[in-house]
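Colleague: Line order of the protein sequences matches chains A and B. Its first residue numbered 293, the first sequence is counted upward by one per residue in the working numbering. Its first residue numbered 647, the second sequence is counted upward by one per residue in the working numbering.
Just so you know, the hints here were simulated from the structure itself, not pulled from any lab data. Just so you know, nobody snuck in bad clues.
With the Cβ distance kept under 8 Å, some of the chain B side facing chain A (calculated, not the full set):
1) A674
2) A675
3) V678
4) Y697
5) W700
6) A701
7) F704
8) V724
9) G727
10) I728
11) I731
12) C756
13) W759
14) A760
15) V763
16) R766
Within a straight-line C-alpha distance of at most 27 Å, the following computed DSS-like cross-link-like pairs (lysine-lysine) qualify:
17) A/K375 <-> A/K430
18) B/K737 <-> A/K299
19) A/K310 <-> B/K737
Cβ-Cβ distance ranges computed for the label pairs, FRET-style:
20) A/D311 <-> B/L741: 19 to 27 Å
21) B/V649 <-> A/K430: 54 to 62 Å
22) B/D734 <-> A/S354: 37 to 45 Å
23) A/L431 <-> B/G758: 23 to 31 Å
24) B/G696 <-> A/Y397: 33 to 41 Å
25) A/F362 <-> B/R655: 50 to 58 Å
Bear in mind that the values here come from a model prediction, so they are computed numbers and not experimental data. Positions of the beta carbon are idealized from the N, C-alpha and C atoms, including for glycine.
Spelled out, the chains give:
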Amino acid sequence: MTELTRKRPEFRNINAFKDLTTYRMAAAAWVSILHRASGGLMFLLLPLIVWLFDTSVSSEISYERFTSAFQVGLGFVPGWLFKLVVLAIIWAYLHHLIAGVRHLYMDATHSVSKQFGRSSAIVTLVLSIGLTVVLGAKLFGLY
Amino acid sequence: MSVNYGSKRVVTGAHYGLRDWLAQRITAALMVIFTLILLAKVLLVSGPLGYEGWAGVFAPQWMKALTFAIFLALAYHVWVGIRDIWMDYVKPAGLRLALHVFTIVWLLSCLGWAVQVLWRL
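Isolated chain A, as found in the complex (with noise of 0.2 Å):
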């Protein structure tokens, strides 16, 4: 290419605010970046799944205190914030797994048609919101 050619117009740097919510994104894209999305708020909230680990199967003392985390709540934090950061931590570990293995059964049957993208998508959102509120329901006493 020796000949000037027109400078091609160059896309840098989406802007998250302003482009990103423009777009329009099909449910197999709802499921891929809520699954980035969950694993990141995982990654973030580890210490604290350690600390529910550690502080449920230490001591009768530690349980007694795990408990009452969910009640009363422990230090400064309230219970009902307990249990929200909790729920999150349920919908998160519950959609990365369901979207996993998602990924996994396209991976082994090669099931990659749009077709099978999108009700596998929306297959996942449906079992994953479902099960949080079921479990998230239980959490909160509702039953």
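Given the coordinates of chain A, assemble chain B onto it according to the supplied hints.
Modeller: What follows is chain B alone, placed relative to chain A:
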């Protein structure tokens, strides 16, 4: 363009990402199986679980050993996932290196703590 795919592919020794791609999936499968085992142990307890039931799940030596292996699998799985996130969104090399170091320190600290909890039982 020279033919450089399939059987004519020239493998130079650059890192192609296959190990981490596979490791992410294998660790995921292991964790799913472990989750099912854990779920079975917890659900097949008659009456409320309580401290005794819960701590009792992790008391046998084989369960401690298995859980330890799963913690290691989790650490590798998380590393691959988070490294991919940094790789996709953080272009400046110095900043990305710092984030890699932070990620590893974060993960190793959580891993060490979790292992300590396991063997304190």
